[in-house]
Amino acid sequence: MSTTLATSGRRRKGVASRAIVFISIVLGLAAGWVALSAALAVRGIATGFDFLWRPAGFQISEALFAVTPSDPIVVTLAAGLANTLLVVLVASPLALIIGIVVGLLRASTSGRIVLLAGIYVQPLRNTPVILQLFLWYGLLIRNLPAPREAVELLPSVFLSSRGLAIPAVSFHAPFLDWPALHGFNFVGGWTLTPELLALIGGLALFHGASLAEIVRAGVHAVPIGQGEAARALGLGRLKSLGLVVLPQARRLAVPAVASQLLILAKNSTLAVAIGYPDFVSVTNTVINQTGRAIEGTAIVLSVFLALNLSLGAVVERYNAFWAGRGMAASADSGRATTKAQRFTWLDAVLLATALAASWPLLRWGIVEAIWTGTAADCRAAHGACWALLAEKGRLMMFGAYPANEIARPAAATMIFLGLMLWSLVDTGRHWRLIIAGWGIGTVAAIAIMGGGVFGLRIVSPLDWGGVPLTIGLAVLSFAFAVPLGMLLALARTSDRSSLRHVAVALIELLRSLPLVSLLFAVAVILPLFLLGEAPGGKLGRCLLALALLMAAYLAEVFRGGIQAIPTGELDAARALGLGYWRTQQLVIWPQVFRLCSAPLVNTFIGGFKDTSLVLVIGLLDVFAATKAALADPEWRLFSTEAYLVLAATYFTACYAMSRYAARLERGSRSRAASRRGEV
Amino acid sequence: MTLKSIVAAATILVSAAIASEAAAGPTVDRIKARGELACGVSQGSAGLSLPDGQGRWSGLDVDYCRALAAAVLGDASKVRFVPLSSQQRFTVLQSGEIDVLSRNTTWTSGRDASLGILFVGAIFYDGQAFMVPKKLGVTKSTELNGATVCVQPGTVNEQNLVDYFHANKLTFKSVVIESLPELEGAFYAGRCDVYLSDASTLSASRAARASSPDDFVILPERITKSPLSPAVRADDANWFVIARWTLNLLIEAEELGVTSANVEVQKKSESPAIQRLLGVTPGIGESFGLDEVWGARVIAAVGNYGEIFERNLGSKTALRLARGQNALWRDGGLIYSPPFQ
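Protein chains in written order, with this note's numbering: chain A, 1 to 679; chain B, 1001 to 1341.
Because the hints were derived from the structure by calculation, they are not lab data. Hints may contain errors.
Result set (SDA-like, lysine to any residue): computed pairs, CA atoms no more than 20 angstroms apart in a straight line [as the list claims (entries may be wrong)]:
1. B:K1134 with A:E149
2. B:K1078 with A:V459
3. B:K1169 with B:T1139
4. B:K1134 with A:G183
5. B:K1225 with A:G57
6. B:K1173 with A:G57
7. B:K1134 with A:N185
To list a few chain A residues with every Cβ distance to chain B over 12 angstroms, as calculated [to be verified]:
8. A78
9. A348
10. A573
11. S639
Quick reminder that beta carbons are idealized off the backbone N, C-alpha and C, glycines included.
With the sequences and hints as input, model every part of the structure.
Below, the structure is given as structure tokens:
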């Protein structure tokens, strides 16, 4: 069979399956809608989309086209969508450029360069992006001058706390619109606001760091001999990179890059936190004005579904275009070793520069910091206010857990920390024991938190909060997501097309939904639908949402693992008389878990950071508890300190886990190599 | 048309399902069975509902829920506080996850009419105002033409802003930030000329945040009426009556001079109004489906409206709010209870 025939057949199938996915989703949504409106009509709650044609009544703070408060809501929503697309279209290429450049630096043979690039990549990859947005936005607005003291960078280009005002082209005479200070603000021209700048910059930096790791992995997967061969042919360093290494790395990295860009689109929904009117932020305002939470959530979900499906279609075209043109690189092809380097004068200079650059930070954070005292003491000083922790630390770490039982969340946290340490130091030999340990430890932690055993007073799950809640949500949702993801992956790779379609529909649906909206739907709207107290409680439903999303990501990870197993092994298993399930148990899954151990841990890290979004449904995880601490007007001034503590908390956990993932990756590579008798 | 008839048919089915559920008991029975009142509050709003460093909730909205718990369950501590974002608050009340929404929510006609909920009565009269840096030299809000306004979403604020500027033929730019530390950070860093919020929020922020509070002026105009009110679901008339009259009880007690400290002494009072309120003359408690001494119990547990106000918002707190519109009607304010008779 010729390659082209196979490809076009695949493409037809791809189109057909996407159509089936789309149709079944639409039908499911319609049925759900009918049932829901009926349930709501009984309760005297108005439903329907007629409100979309009412005047919005509020003004969106910036838009690509002119929108007034008297325009219908649907127009305002469209302006929000245009804003979202602008962010995605500008931030994605920036993130790609950063990712490729830094990724190549990370794959460098110089230890010094790898380290420097790592200093950029690691903090960004291992903290929640919403925290980074807060910090960037704070830095930006605090350091820009007032409009009356605006800096004129170029003639008629002004930089101030109102943003970057530049001349703009207009459609009527005199065709050029110059910005000028008029009263309070710059009038005329076009203004790049600090909010948009912080959002685009923050997303590009964060996803640039994630993409850098993908690019690095892609480059490392290209057999090292290829680069050497290119050099032997006389190609220069850059040419061999551009002509030989990058094209191959690109093909390997495309699926991961595509899903990273989709995540970027979803992360743009965090814009509301720093005041950029993206689609979700505008929809939220509409929900608040009209009370139409269900309709609003449905609109957000449909738009993101459409975005995801169209991005998916583009990637599939791209893949199909490249399929069959050239070889597939093997994942265990050996890699260049990083040279250890001696300490030289260059390092000394670098170190000195770093110290000098960080001096203002040290002065603020340590030398002039206030360690104990009241909010008034902090306001009088110039340095950081760590006294915040004495006052609010407990709320931040343990949420609203009953004050006289505080030893219990502390004990639960210690259990989780202990398990984490144990998993990280283990060489992977005792994995059965470790999984059992996690199971027992999690049950123990839940018992300690919930009470009702060992004479502990019962504390409702709704009062749980802080670090134990964050870790517990991450661990439990992962525990539920792994079997669910395995089932989805099996269905996705099944021979039966009906199973495959259902799996594709579920995975694509879940992956395209912003977690905030998914949480909202499952935790807040579901009980409305089920009339009264829904099963599982809010915590249980929240867990379900997190687990479903993680399962969708894991299913894709597992699918990659399953497809990497040579078909010969399946034939061999069949020849030995093994049935379907025995083959799965003895041949496929042991290898899948070995192959996928690193992406498994990385998916867990993603889920761990995602728990910071449960604040939208009113759970006081460590992030929401910090926000609650900052609601106290006395201490609100010291949000930077609180965010830094929070970032450090997330970083400690996530960085340790990502180091672990890297070790697993190396381990599986060397094991695979030794199995084949290569050294 | 067909979709509408399908919805109608489904509605009948669901009504049948609900009818059987409603027979199981109204809200009070559910609260008693659960052993605690589920009270929706904010995720942190100083003076109204805020967890302290130990995770204990306090505030005006919080104390109202404690009063309700004392009325229904006999114990003001049996309240579960459910922190809610502004987007989820109504849906969570509609679904039955909370029994009462006591979360700085403005009472409007649209919300009463189309959300399947009812507002209980104003617990706090607020109004939106503008705060500006003194150095801008602005003295009244009509001088704000072209200004940039920092405002929090999720409330009626944004709409009021448009209405006000439109009515005065002024233009503005807005910066709409959900997160309060970021919003205030933006204002104090000069990203905006004006901070629009409830007057109570503004004065709290100014007192705690500005290195010298005199550098900022809260303009005298109030651009809206903002009566904050608790809300309950519209499907249980008895629960609505209890919620409304527990609020009125707090107000009436202040008017009659009944406080948490003197409630036992006042039971011996000659005043018929006090006797009715405290259940010495029976009738009122029973008419609500409660016991007769509910009123005395609530006041003993949380105090009267004036005590609650002083404890959470008054001169000894960080907010240092004057009673203003929230004084009793006889002192020139708007706080007023219909008679207990």
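**Report entry** Restraint status (C-alpha distance of K1134 of chain B to N185 of chain A at most 20 angstroms)
**Finding:** With Cα atoms ~17 angstroms apart, K1134 of chain B and N185 of chain A stay inside 20 angstroms; holds.
**Report entry** Verdict on A78 of chain A as a residue remote from chain B, using beta-carbon distances over 12 angstroms
**Finding:** 18 angstroms, holds
Report task. Quick one: work out the minimum CB distance from A573 of chain A to chain B and report holds if it exceeds 12 angstroms, violated otherwise. Result -> Correct as stated: the minimum Cβ-Cβ distance to chain B is 50 angstroms, above 12 angstroms.
Requested in this report: Could you grab the alpha-carbon distance between K1169 of chain B and T1139 of chain B and see if it respects the 20 angstroms cut-off?
Outcome: Status holds; Cα separation ~18 angstroms.
Query raised in the report: Going straight from one Cα to the other, do K1078 of chain B and V459 of chain A come out at no more than 20 angstroms?
Result: Since the Cα atoms of K1078 of chain B and V459 of chain A sit roughly 13 angstroms apart, the hinted pair holds (cutoff 20 angstroms).
Query raised in the report: Taken at face value, is the distance from the CA of G57 of chain A to the CA of K1225 of chain B at most 20 angstroms?
Result: This hinted pair holds, its Cα atoms lying about 17 angstroms apart.
Query raised in the report: Keeping to a limit of 20 angstroms between CA atoms, is the pair of K1173 of chain B and G57 of chain A held or broken?
Result: Status holds; Cα separation ~15 angstroms.
Report task. Verify the proposed pairing of K1134 of chain B with G183 of chain A, using a straight-line Cα cut of 20 angstroms. Result -> Holds, at about 16 angstroms.
Query raised in the report: Is the Cβ of S639 of chain A more than 12 angstroms away from each Cβ in chain B?
Result: 4 angstroms, violated
Query raised in the report: Does A348 of chain A sit more than 12 angstroms from chain B, CB to CB?
Result: Fine: 38 angstroms to the nearest Cβ keeps A348 of chain A off the interface.
Query - K1134 of chain B paired with E149 of chain A [C-alpha distance capped at 20 angstroms] - result: Holds. K1134 of chain B to E149 of chain A sits at ~17 angstroms (cutoff 20 angstroms).
This entry does not satisfy hint 11, going by the numbered hints stated previously; all others are met.
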